[in-house]
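Peer 1: Sequence:
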Amino acid sequence: MLDTLFPFKRNFLSRNGHKLHYVNEGQGEPVVMVHGNPSWSFYYRNLVTELSQNHQCIVPDHIGCGLSDKPDDTGYDYTLKNRIDDLEALLEHLEVRENITLVVHDWGGMIGMGYAARYPDRIKRLVILNTGAFHLPDTKPFPWALWICRNTLLGTGLVRGFNAFSSIASYIGVKRKPMSPEVRKAYVSPFNSWENRISTLRFVQDIPLRKGDRNYELVSEIAASLPKFSHVPTLICFGLKDFVFDKHFLAVWREKMPHATVHEFEDCGHYILEDACDEVVPLISDFMKTPLATDSKPSEADL
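Counted from 1, the sequence shown has number 134 at position 135 by numbering that gives the first Met the number 0; the numbering is strictly sequential.
These aren't lab readings, by the way, just hints derived from the structure by calculation.
Hints are not guaranteed to be accurate.
What the hints assert, rightly or not - Result set (DSS-like, lysine-lysine): computed pairs, CA atoms no more than 25 Å apart in a straight line:
| no. | residue 1 | residue 2 |
| --- | --- | --- |
| 1 | K8 | K139 |
| 2 | K246 | K176 |
| 3 | K176 | K240 |
| 4 | K18 | K184 |
| 5 | K288 | K139 |
| 6 | K288 | K123 |
| 7 | K210 | K80 |
| 8 | K255 | K240 |
| 9 | K227 | K240 |
| 10 | K18 | K123 |
| 11 | K80 | K227 |
| 12 | K255 | K210 |
| 13 | K80 | K288 |
| 14 | K80 | K18 |
| 15 | K255 | K227 |
| 16 | K227 | K123 |
| 17 | K240 | K184 |
| 18 | K139 | K18 |
| 19 | K18 | K8 |
| 20 | K227 | K184 |
| 21 | K80 | K123 |
| 22 | K184 | K8 |
Turn these sequences into a full structure, and let the hints steer you where they fit.
Peer 2: Here it is in structure tokens:
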């Protein structure tokens, strides 16, 4: 069933002794799609099918996710910097260094924009889907469910013992209609044991909330880089019933990217490409076809 829902060639990059899986479909200007937690490249399957007709679609599975290896803590340091390094290594391996359309979702926003902050001149377009690239907004309380997962032994037991994070997300992450049993199974299947759920937990534990937390300064640097993309065409699609990346995050995106075209979906949740696939995929496809202004590239002063 997975081969039917996810009919793409499996590609692997050897990365520090681990296999990093990635999708690489189509030809043309590159579209790099970066997933978050607790999903994997499967999330972008419908977008890949649409855009690969005219573009090279590159979709990695982060280490510990999807079809990539899932080492323990002795084999991999599950932290934001390493995620950005892995993405950079993949794009260097594929010799993708220009005219990149970057599509980001969930923690993929921080990873993808972390890469973009290193190489702003490589980014041609941005597509932002229920994500952030800055600290938790002042107006947004940290969700209690994430606090439990991040800070307690109970959370560790629930996430790694019962796959609570991935499983629950497959239910509450959509609002218009439930995922089919086949799609839900595909989302949770890579996280099928205590060992294979390590990244799901480590992603949450890696969220920096205050100065002194690991990655706090890195997130600050990523947020500070956003003005560099003030001339980059940007499309934002947000499901407003996301229990984390909600209207508070969207308000910050509006502030930081006032030039962006924004589409709000009042009745959709976190997995916007599931809830509103028939609307969002065409919006992205049309966005890719829109001619760019000659000044859409960042200037030397911006960089």
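Peer 1: Run the structure past the numbered hints and jot down the numbers of the failing ones, going up.
Peer 2: 1, 5, 9, 10, 13, 18 and 20
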